[in-house]
Structure formats: structure tokens, C-alpha cells
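Heads up: the sequence lines are chains A and B, in that order.
Just so we're on the same page, the numbering used here is the position in the first sequence counted from 1, plus 914.
Just so we're on the same page, the numbering used here is the position in the second sequence counted from 1, plus 914.
Derived by calculation from the structure, the hints in this document are not laboratory data.
A couple of the hints might just be wrong.
[What the hints assert, rightly or not] Result set (DSSO-like, lysine-lysine): computed pairs, CA atoms no more than 27 angstroms apart in a straight line:
#1 A:K1138 x B:K1237
#2 B:K1237 x B:K1261
#3 A:K1279 x A:K1294
#4 A:K1319 x B:K1237
#5 A:K1191 x B:K1237
[As the list claims (entries may be wrong)] A partial selection of chain A residues facing chain B, derived with a Cβ cut-off under 10 angstroms:
#6 Q969
#7 K1011
#8 Y1032
#9 K1139
#10 S1157
#11 G1165
#12 N1251
#13 T1300
#14 V1360
#15 Q1363
#16 Y1402
#17 P1406
Being a predicted model, the structure only gives us computed values, none of them experimental.
Even for Gly, the Cβ is constructed at its ideal location relative to N, Cα and C.
2 protein chains.
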Amino acid sequence: MPDFSRTPDGKIICTLIPGDGVGPECIAATQAIIQAAGVKLEFETRHAGESVFKQGIPSGVPQDTIDSIKKTRLVLKGPLGTPVGFGEKSANVTLRKLFETYANIRPVRELPGVKTPYSGRGIDLVVVRENVEDLYAGIEHMQTPGVAQCLKIISAKGCEKIVRTAFEFARSEGRKSVACATKSNIMKMTEGLLKRTFERIAPEYPDIQSWHVIIDNCAHQLVKKPEQFDVIVTTNMNGDIISDLTSALVGGLGFAPSANLGNDVAIFEAVHGSAPKYAGKDCINPTAVLLSGVAMLRYIGQFEAANAVEHAVLVTLEDCARKGVGTGDVVGYEKPNTLSTTAYTEKIIGNLGKRSEKWRVRDAKPIRMPQISAEPTFVKATSQRTVGADIFVEANLLPGDLGPKLEALLEGTALKLKMISNRGTKVYPLGGAITDCIDQYRCRCVLRQGGGKGESGTLADADLLAAMTRISSAPGLRWMHVEKLMEYSGEPGFTKAQGED
Amino acid sequence: MPDFSRTPDGKIICTLIPGDGVGPECIAATQAIIQAAGVKLEFETRHAGESVFKQGIPSGVPQDTIDSIKKTRLVLKGPLGTPVGFGEKSANVTLRKLFETYANIRPVRELPGVKTPYSGRGIDLVVVRENVEDLYAGIEHMQTPGVAQCLKIISAKGCEKIVRTAFEFARSEGRKSVACATKSNIMKMTEGLLKRTFERIAPEYPDIQSWHVIIDNCAHQLVKKPEQFDVIVTTNMNGDIISDLTSALVGGLGFAPSANLGNDVAIFEAVHGSAPKYAGKDCINPTAVLLSGVAMLRYIGQFEAANAVEHAVLVTLEDCARKGVGTGDVVGYEKPNTLSTTAYTEKIIGNLGKRSEKWRVRDAKPIRMPQISAEPTFVKATSQRTVGADIFVEANLLPGDLGPKLEALLEGTALKLKMISNRGTKVYPLGGAITDCIDQYRCRCVLRQGGGKGESGTLADADLLAAMTRISSAPGLRWMHVEKLMEYSGEPGFTKAQGED
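Chain A with its partners taken away, still in its complex shape (with noise of 0.2 angstroms):
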């Protein structure tokens, strides 16, 4: 467990945002139960997000918001909001980068009373979401006017890291199994790494059963058989789309909680928004945001109160059922029956105490976060050589016409043009398929024989820039981006195009 920020008398110190919209009432509702099952905690009260937008600070997290993080390690959080026109990012994604929390943990389990189709299947599932790389590191780059690119990156560390964290929440919770969900038939680097990453890392973890299921047949088995998953690791997209369906399936926002774990910093929040529409109406569920406070009663090892305020959810949750009565997500709102935020924070501050017979908490360990090396290099090749570059280029020409024009720039050359895709799928040499080009072409380039230096043949650098030197000579070519083809330990380290040899 890390060490906390502790006031002089002993008590963990929390840094507490209460959001946006209705984040602030559902801060106050957890804090007044937190506070009412006995916990010493100190909270200090910091804030982010809208606010601080329309301060001016881009990036909506304050200086003194930051300084409180690094400082406590340990935050407690309502949703923030993004006011349209103000910061290119959001204020949320912000806070989980700022701190490398890189793990997003997101369980769902039935609750009682809150109906939905899959009521009576006992769903008590958790992803673990990988949460500071993939497509979510949004660097983009407009390849021509018309063709837009984003770069997903996955790195081995990362993959180590957020495979350990899931089996070791596994372990941290009791849990059976953990189904590494990804796109490995596709791409095949990429979400492959953390496929090899995972059954690499599996047999560490006997006690836990593991499997890896393709993510899209992931998105099918969780509506036709839910109750077959434990925990689910994968990557940072993957896991948006498939953590965003199973809070579905068991009601909805308004009871899913999460946590964003790092090895400095934890930060426990809700799924939902700010939802600006239901603010200040006392109408809102806190129980998502409130049970990302269980969560981080846990984390921080008071797991007696984290059991005490489960049950009395799991209890007050019974009750409403029995008495048809509930908070406005559940029942509807503005109803006879319906409960205030208020209300219902009172009934769940009543039922301190109780236990449920029938609903299960589970008895947590500690998690243990995996420690890594911080070094950048994680993975170390034996020997690394370059043998080619893809060079992309913009023409507005067809393929038959674009192909004879590169073999002619890069005569004389270390590099000579082995094909060209376009999209993924080769279209020089011409090989029959109908392909419809956009102007942004690959050009795959060799190293010619004899071209490389030293015994294996490498392409040099100096030989590559020559050769894009000629390309950017040509009128009516324009090249915008180039990646070295690269072998590291004797495999190549690039794939091939669809139709490539």
C-alpha cells in the first residue's frame, strides 16, 4: 500500500473535487456517508474542470489542484464538465494522463432492485481498462487535405503494467478468471503485444484461470452470456466501447463506479458526466459516485468500512425494491415514488450497520500495483537493423502511372520501391484489384542489393535522406510521413500489406 499524505492526529489525507453539474451533490452524499461510517479521513477540496476553464487555464486543472495531488496521492472526484469552446481537452482525461493512473478499473455487478434484462444472472464483472496509451494519446496528423490519420501506440511496459494490475486485482478481490480481450487477428503488433504480453504473464498466476477472447466476440459473448466474464484486461479504446456496455447491463450509469490506479497516484470517480440537466435538483443517484468511494476505501485498507458502506447500499437498495421506491434513474422522475439524493443518502446513512442476507460483498486484499523499472527502454533486441522505409506520399495519381515514377526518382539509389499500397492493400505492381486510391500512398522501398552498409545491410541514414531528397524533387509528389522498416533481433519489425508478397 503506498504511503499516504497523513494530517499530524494520523489521518489519510484526500483530495477532493466535487466537479461539475451534479458532481458536487454526489461528492456531498458520499462524503456525508463515508464520514457517518466512522472513517478518519481528512479531505481537502480542490477543484478542476469547468470553473477553471473559464479562468482561462487550457487545461483545466489548476496549479494548487495539482500541487494537492502529488501531495496526498490520493483523490476523490465528481464528473467534470468541458464548456463548448473552451480547452481541446477534457479536464477528466487531463487528471488520468497528469498522473500516469494507468489503469481504469471499472466493475459492474446486479444490484438488488435494479432491474434489467439480466436480472437474476448474478453479473459481478470488472474491466480493466489500459488508460493512458492507444488511440487516446490523440496524435493526429492530416496526411493530405482529405485523409486523416491517428497513431495507436501500444508499448510493451504499458502491456506488462495493466496485465499485472488485472491479475493482481483479480487476486485482490478473489476473483477466478481473467479474459485478455483485443484485435490481435488484425493488428497483429499492436493489440498483439498485449495477447503475448498476457499469456506470457498468465502462468505467474495459477490460481487465476485465463483466456483470451477476440474483442469484438467479447462485445457478443457480454450481451448473450455476461455472467461468463471475471475480469476483463484490454487495451484503452477496446475498453471505452466494452466498459461503457457492461455498465449497461446492469442499470445503467447511475451505479457505475471507477477507479483510475497508477503506482504515485489513485483516483476514484464515476463513469457518468456532469450531467448539467439534473443539477441542483436533488434529484440525482450518487450511488456510482459513492461507490467509487468504497473502492477507495479499500485502496486506501479500511476494508472493514468499505463492507459496511457496501451493505448498507446493498440493504437501502433492498428496501427501495421492496417499496417500489427509488432513486429517479431507477423509478422515473418527478414520481410519487421517486427518492431525493438527499432522501436516499439519508435511508443508506440509516442502514450503517446492517448487513444484507442475501447480496455478497467481497472480501478484498490490499492490491499489490506491479513495479516496473521507470527506465524508458523496456525491451532490449539482440541487434536491430533498418532495411527499408515506407514512405508516404501525396499524388493525385493512379497507381500505374505513380509506381514507374517512383522506380525512375529512386534509380541510383540505396532504396528501390518493392510495391505501393494504398490503405492497407497493394496496388503496384498491379495485382487485379479493384482499389479506389485515396492520394495518401505508402511506398514501400528496399534496400537495393548491395545497398545496405556492413555485413548484414543496413540502410543508412544519410542513404534514406538521399533518397527522399529525389522524392521531393518530383512535381506533383509530396511526401508527408515516413517509417523505417526496421528488423530487431532478426524478425522484421513491420507487417505487410493485404495482397504483398
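For chain A, the structure is supplied; the task is to place chain B on it using the hints.
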């Protein structure tokens, strides 16, 4: 409607690919039913998949299959397998790419007697998924031995085609709304391109309601309230996940047909795989292939026959439900009430001519595929200039060491270092983020004051290559990837890093 290839006596010719595993049985059932419905169609049987891979053809698609499809432009196929150790790419994907079938149409509808948690809610929706670009292009490069990258490529032309197809499809089936599902809030350029294209084109279809939904919320809503959706248009990878999600809503892959439509060729196939464990046992549910065949009949204008077959399926399923019998996927395999493929097929044939009273069949009109210029350049900028470059380097250094090193290297060149990011988060100049760096750094270099050529300042290729030469010269640094930073029509063609000013 395309001008199909016909026999001397006027019958449309269709290339028939029986496929692997359960494919031939599904295709035989479909063929029998279509013929019994009196459809005049000439099947030309060709092969692809396992047997072809094993002959040593690495694509899994032989030339005579390609030739047949180029002639007929119409394909009905069973699922194709990729035997372990043969072929890098699935032959199913190869066929879609070879013939630029850019639109994948995946309808799902509630069917009589196929019980799911959603039964009775009248689900009847279609996912229109872009089929040839996005991450599915599979363009991957290992940036360092431990960092993988895949390119997500989205073109304006591709977006225009898929959006128009979605609206045209909605019109052809008399559907009321099209939702566009993207992750434009995170990927403003790539996913945002689909959203912007959708919003531009939607007003041309005033008879159809249009709305945008964030893809993760779309997955949530599909589970929570699927009946709110009619047509959903989305990018390839997102569509892969949500279309598999939707097929589970109505009873699984045994009932999930699909069409792959292009301007030249259309391929009709089930969504399911070759399921080798059920092959040859006369136990597979052929409905998915059959309904793909029904979609094909509509595509070629045989609306009456299509409706007759669809009604026969509905009547058969109603009858099965009444009698408590069904195919193995519905009632369980090898039970007393299990229907064999043959028995089920005969039942459908026996029900040709009957019409379901309770379940409706849509009256369809021919779909008008969008006609778009084949010129590669689809969007033309009024001006474009290069304002810098993102140079991606491998270094086992921390940002505080890498930054000054690069600044020194770039001294005297046209470029200066603006910032460095790691997986999209700014790490230099140091900003207080806690970032566990990987060994791929993105170094954003911009034109120095007066460093550009021409009036408005554009980076010359020679100057960029000179700066790259400097980086090449530094020990402990290796560049492996370069992206030019472009301005098109005065607008930046690149996004900012998390934390970048």
C-alpha cells in the same frame, strides 16, 4: 442497379463460394431454398479459403475466383477459414479489400421464437460499417523493440461513401433514422472526419432523422435501449465491435446476415465463422447465410422472391416456436426436439408462399450506391504549407536529458524544438506530469523565426532533411518515424499533445 452478367437466356450469374467448415451446408440449404422460390439465377461455383491456402496460394483466393467475381460482380459465400500456419491475412478480408466493398451492412431484427433478454422489444436495426480503411488496413511498425504502432487512416472520400451509403440504404428500406457513432471527442481529425461528413450530408436526406452518438455511449445505449436505433453508421473498427454486439441482441450469429457492398462488386455472406466442429453433421443453422441470400435477391431487384423467402423463414420460425423445435443453436444440439439442417431447410421450402401474419417484412427499393469520382484527390486545399515536423526518436533517456540534447542538435537549423511528448502527453519542457516514459519520444519541431522559405514561412524539405541529419548524427538517439506538420487552407493539420500550449 449494376449491369449484371447474364447467361444467354437472361439469368443473372452469381459467383458461389461454398467456403469452409459448415459453409457448404449453409450454402446448399440457401441454394435449395432460393431455387425453390423460383428465382432465376445461375450459380458459378468457385473456391477460396482453407483448401486454397493449402495449395500454396498465400492470399487464399485463386485467380479463377477473382476472374469469376470480376465478371459476375455478385458473390454469395460461406465462411472461409484460415488454417494455422498458412497465410497472414483472412481470405474473407482479402475478398472485401480486393473488390473495394467499402460498406458492410449488418442488419439484426427480432425473429419469432428466438428468445433473448430483449424479446418483444422489436429490435430491427442495421449497422453500416466502413469496410476498407481505419485500423483494419493493418499498417503496423515496431517503433522500437518494445513499442508497436498501427496507423488509423480515415479519408474524406471513404467517409463520404459510407455516409451516403447509410442514408441510401435507409431510404431503400424505408427506415426513419441514421445515427452516426464516432469517437470524435478524442480523435477530432480521424473520427471527427466521419462526424463532420455526416453532418454535412444529412441535410440532403430531410426525410431521414439524423443524430450523432459517441461510440462508447452507443454501445451502452444498444444494451440499454436498442429499439431506439434504426441505422447506425460508423468506422471500421468501431463497427466491428458494435455489429457483433448487436447480433447478440437478437439471438446470435446463426441469424446474422451481412452484405459487403461496393460500386463494382457485392459480396453476401453470414457473419459467423466456419465453425469446423459442427461441419458435416447436418446440424448447423443456415439462416444467416439464407438471409444474406435474401439481401442479395433484393440487391439484384428480385424483391418478390426475397419477400417470399423471408416470409417462409418467419413462418417456419413461428411454427418451430409453437412446436418447441428448432436448430441446435436455438434449442440445444442433439436433443429430441433438435431440427437438422436438412429438416429445417425442408420446412422453409414447405412454407414458401405462406405469409406471416404477425411479423413483417420490409418493402425495399433498390439501393442507389453513391457515385464518387475515382480521382485520388478528393479534398483540395486552397493553400498548404509545412510548418514543422514531428520527429519520433528512440532514446533510453528521460525527458529532462533528451530535451536539451535535441535543442543543441537543432541549433543553427531551420527548426527548433517546441516540445516533446510521450504517448501523447507533454513531457518536455517539464510540466509537472508524472509520466512513466517509453522509449519512443515524439519531438515536435517547428520553424524558427525566419527559418522558413517564402512569404508565409514554409519548411523546405532540404531544411527538414538537414535537421534530421543532425539527429542521425547523435549517439544514443535514433529517429524511426517522421510526420510533417501541415497547415491546409490556413488550418493546422495536426493535434496538440496533452499539456501542449
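- Starting from the hint list further up, note which numbers the structure goes against and sort them upward. 3, 4, 5, 6, 12, 14, 15
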